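> I would like the entire structure built from these sequences, with the hints used as guidance.
In my numbering, the protein residues as written are 14 to 311.
Treat the hints as calculated values from the structure; they're not laboratory data.
Bear in mind that the values here come from a model prediction, so they are computed numbers and not experimental data.
C-beta atoms are modelled at their ideal positions from N, C-alpha and C, and glycine is treated no differently.
A couple of the hints might just be wrong.
[What the hints assert, rightly or not] FRET-style restraints, in silico, Cβ to Cβ:
1. 201 x 238: 16 to 22 Å
2. 82 x 242: 16 to 22 Å
3. 288 x 261: 46 to 52 Å
4. 213 x 143: 19 to 25 Å
5. 117 x 276: 52 to 58 Å
6. 286 x 84: 30 to 36 Å
7. 28 x 82: 30 to 36 Å
8. 144 x 172: 29 to 35 Å
9. 268 x 144: 31 to 37 Å
10. 292 x 146: 45 to 51 Å
11. 17 x 272: 45 to 51 Å
12. 130 x 270: 36 to 42 Å
13. 77 x 130: 19 to 25 Å
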Amino acid sequence: MHPTTTPSTDPAARLRRAVAFRALHEGPGPFVVPNPWDAGTARILASFGFAALATTGAGLAHSLGRPDGANQVSRAEILANATAIVDATGLPVTADLESGFGEHPEDVAETIRLAAAAGLVGGSVEDSTGRDEDPVRPLEEAVERVAAAVEAVKGLDFPFTVTARAENFFQGRPDLDDTIRRLRAYEAAGADVLYAPALPDADAVRAVCAAVERPVNVLMTAALKLSVADLGALGVRRVSTGSALSRAALGALTRAAREITGTGTFGFVADALPYDEANALLATAPAPSADPESEPAP
14 MHPTTTPSTD
24 PAARLRRAVA
34 FRALHEGPGP
44 FVVPNPWDAG
54 TARILASFGF
64 AALATTGAGL
74 AHSLGRPDGA
84 NQVSRAEILA
94 NATAIVDATG
104 LPVTADLESG
114 FGEHPEDVAE
124 TIRLAAAAGL
134 VGGSVEDSTG
144 RDEDPVRPLE
154 EAVERVAAAV
164 EAVKGLDFPF
174 TVTARAENFF
184 QGRPDLDDTI
194 RRLRAYEAAG
204 ADVLYAPALP
214 DADAVRAVCA
224 AVERPVNVLM
234 TAALKLSVAD
244 LGALGVRRVS
254 TGSALSRAAL
264 GALTRAAREI
274 TGTGTFGFVA
284 DALPYDEANA
294 LLATAPAPSA
304 DPESEPAP
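Right under this line is the structure:
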């Protein structure tokens with residue numbers, strides 16, 4: 014590897030990450046893919062032994078001072094953030110690619126090609142529109158977009174994992190039958206992983222997993238009080254945290270701010286990560302290496 018090559022730009026390293034990421038979906042049980050929102054949080058999570066990471070569109074939007082779900086974060090910003098996370102850890106990273114950025118299937122295909130060039134080994138394409146009046150795309154249109162993503166992957170030199178997301182529940186449309194219909198259609202279009210965020214309970218998770226053959230990703234929420242083992246028993250193969258980790262950090266920040274402005278006290282400091290521990294976590298987390306033999310294994 015040339016000294017200036019990074020994990021995101023080295024083809025051999027990317028291939029290793031891609032193969033390792035695919036293999037995680039074929040393991041004996043589900044794996045958790047947490048969602049950092051910058052290089053620092055990626056390195057901290059890597060230090061805890063997670064085998065792969067996923068980006069969070071909401072976490073990134075909030076870190077940029079913008080609301081999520083309003084099409085206010087550009088494709089270039091999302092991919093730059095993803096590259097920083099890849100280079101911070103050398104782990105396999107899959108990205109939240111929103112709805113693919115653009116109104117046409119070819120726009121989605123181009124997003125997949127750019128994601129691959131950014132060092133990602135996977136990405137999700139959702140069927141939401143970002144429009145309040147019609148938040149979910151018609152099924153035929155959504156299928157065409159998933160198919161375009163799958164076709165774009167065929168032109169790559171490594172196995173990029175395409176995740177197709179059915180957004181009904183996340184968009185306030187709790188229609189399980191339609192969600193399953195959509196996931197089956199996305200599976201038929203070639204998606205590698207199926208994902209319906211915000212499923213409300215174990216019965217819904219079980220129904221989704223039983224309805225498809227491809228691996229299912231489940232988003233953990235406050236309402237879905239299930240362990241990794243519980244989810245595995247229901248048939249889940251991958252578990253993501255979405256924006257929960259970033260919102261947990263924002264929760265700590267806002268509670269601290271309320272204490273300072275409300276009572277003028279600083280009790281929150283007792284729960285803060287000690288300075289030395291923060292430094293130690295970042296110092297021991299896997300870092301990019303110019304030596305392929307010392308690069309952290311995915």
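> With reference to the structure, classify each hint as holding or not holding.
Hint check:
{"no.": "1", "hint": "201 x 238: 16 to 22 Å", "verdict": "32 Å, violated"}
{"no.": "2", "hint": "82 x 242: 16 to 22 Å", "verdict": "32 Å, violated"}
{"no.": "3", "hint": "288 x 261: 46 to 52 Å", "verdict": "20 Å, violated"}
{"no.": "4", "hint": "213 x 143: 19 to 25 Å", "verdict": "23 Å, holds"}
{"no.": "5", "hint": "117 x 276: 52 to 58 Å", "verdict": "54 Å, holds"}
{"no.": "6", "hint": "286 x 84: 30 to 36 Å", "verdict": "34 Å, holds"}
{"no.": "7", "hint": "28 x 82: 30 to 36 Å", "verdict": "34 Å, holds"}
{"no.": "8", "hint": "144 x 172: 29 to 35 Å", "verdict": "33 Å, holds"}
{"no.": "9", "hint": "268 x 144: 31 to 37 Å", "verdict": "34 Å, holds"}
{"no.": "10", "hint": "292 x 146: 45 to 51 Å", "verdict": "49 Å, holds"}
{"no.": "11", "hint": "17 x 272: 45 to 51 Å", "verdict": "46 Å, holds"}
{"no.": "12", "hint": "130 x 270: 36 to 42 Å", "verdict": "40 Å, holds"}
{"no.": "13", "hint": "77 x 130: 19 to 25 Å", "verdict": "22 Å, holds"}
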